Amino acid sequence: MDFGLVLQTDPPASAVVDLMRRAERNGFRYGWTFDSAVLWQEPFVIYSRVLEHTTDLIVGPMVTNPSTRTWEVTASTFATLNDMYGNRTVCGIGRGDSAMRVMGRSPNTLARLGEAMDAIRDLAEGREAVVDGRAVRLPWVREGRLPVWMAAYGPRALALAGEKADGFILQLADPFLTEWMVRAVRTAASDAGRDPASVTICVAAPAYVGDDLAHAREQCRWFGGMVGNHVADLVARYGARSPLVPDALTDYIERRAGYDYSHHGRAGNPSADFVPDEIVDRFCLLGPAEAHIEKLTALRALGVDQFALYDMHDAKEATIDAYGARIVPALTG
22 MDFGLVLQTD PPASAVVDLM RRAERNGFRY GWTFDSAVLW QEPFVIYSRV
72 LEHTTDLIVG PMVTNPSTRT WEVTASTFAT LNDMYGNRTV CGIGRGDSAM
122 RVMGRSPNTL ARLGEAMDAI RDLAEGREAV VDGRAVRLPW VREGRLPVWM
172 AAYGPRALAL AGEKADGFIL QLADPFLTEW MVRAVRTAAS DAGRDPASVT
222 ICVAAPAYVG DDLAHAREQC RWFGGMVGNH VADLVARYGA RSPLVPDALT
272 DYIERRAGYD YSHHGRAGNP SADFVPDEIV DRFCLLGPAE AHIEKLTALR
322 ALGVDQFALY DMHDAKEATI DAYGARIVPA LTG
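Read in order, the letters of the sequence shown correspond to residues 22 to 354 in this note's numbering.
Read the hints as simulated data drawn from the structure, not as lab findings.
Among the clues, some could well be false.
[Unchecked claim] Here are the in silico distance ranges between beta carbons for each label pair: (1) Asp-104 with Glu-149: 25 to 35 angstroms; (2) Leu-234 with Phe-197: 19 to 29 angstroms; (3) Arg-158 with Ser-219: 24 to 34 angstroms; (4) Trp-161 with Arg-126: 29 to 39 angstroms; (5) Ala-278 with Ala-132: 47 to 57 angstroms; (6) Arg-133 with Tyr-259: 14 to 24 angstroms; (7) Ser-127 with Arg-46: 38 to 48 angstroms; (8) Ser-127 with Leu-265: 29 to 39 angstroms.
Every value quoted in this text rests on a predicted model; they were computed, and no experiment measured them.
In this text, a Cβ means the ideal position worked out from N, Cα and C, and glycines have one as well.
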């Protein structure tokens, strides 16, 4: 199993770089960040600095979207980083949540997302693609490589991930839901004539190592609120008790009253007060190192290739170090 670190690009950018360097020293192979231009600093500028100050770390957004930047700009940015640092990027992409909604825009359609994934990958790898009806190619790209990993929850999005994506990002660490969604992605890949095993599976969730579960829950409760934004979209589309979406994913948002993006992804987010302890425990990794190892072992058995650790709480350095000392060796040895 690989490990990734997920950060917000809060200033100063030097702190993001330092944490990514710390993660690489502790055995993490991927460095991810949020991508929401209003709420945080521009990640692609910071990726250049991270790549310069690490040796092998692979970096990318968790996640970008098809509308914040035009597709040729997104592809060119990835291709430039790859040309400078040797194909060490990955494009995590989804319909768009905070980056779109904070500007009063709606998330992208799945049809647009599917077209964007193909175009961005093709352009970044030096092939011709159609963008806004025009055939275009980046003539300077040589031996480019850009895996495109798609974030998804609902049945249509999971099917698209299986059909087109190089990897699937699931932003929660509940084993039951992981099994259900991985099966959906791999079935879609098989139906599309692809090798289901070729789709990399990445589970992303907060982790907090320690014995004080009550404190850990409060530090990570924000995550249930963030996931709840996507779940609310699913309920609006499919209904609260749809056979197409597990109740284990949708039931907990019944008391959700709204969401303030000014607290997005932050400990103490008041918009996450509806999230019960049970959901925090299911969606996150909490407790002593042994509890993390046990849950990650179960996720690995379900086909998870990478755990990406959301490190947005009051123990960033301690969590990275605890993973490096105990948890990463146990899952990679």
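Tested hints:
A C-beta distance of roughly 18 angstroms is found between Asp-104 and Glu-149, which places it outside the suggested range of 25 to 35 angstroms. Take Leu-234 and Phe-197: their Cβ atoms lie about 21 angstroms apart, and the range 19 to 29 angstroms holds. For Arg-158 and Ser-219, the hinted distance range of 24 to 34 angstroms is satisfied, since their beta carbons lie about 25 angstroms from each other. Take Trp-161 and Arg-126: their Cβ atoms lie about 32 angstroms apart, and the range 29 to 39 angstroms holds.
Between Ala-278 and Ala-132 the beta carbons are some 31 angstroms apart, a value that contradicts the proposed interval 47 to 57 angstroms. The beta-carbon spacing between Arg-133 and Tyr-259, approximately 20 angstroms, falls within the hinted interval of 14 to 24 angstroms. Roughly 41 angstroms separates the CB atoms of Ser-127 and Arg-46, a value that falls within the hinted 38 to 48 angstroms. For Ser-127 and Leu-265, the hinted distance range of 29 to 39 angstroms is not satisfied, since their beta carbons lie about 21 angstroms from each other.
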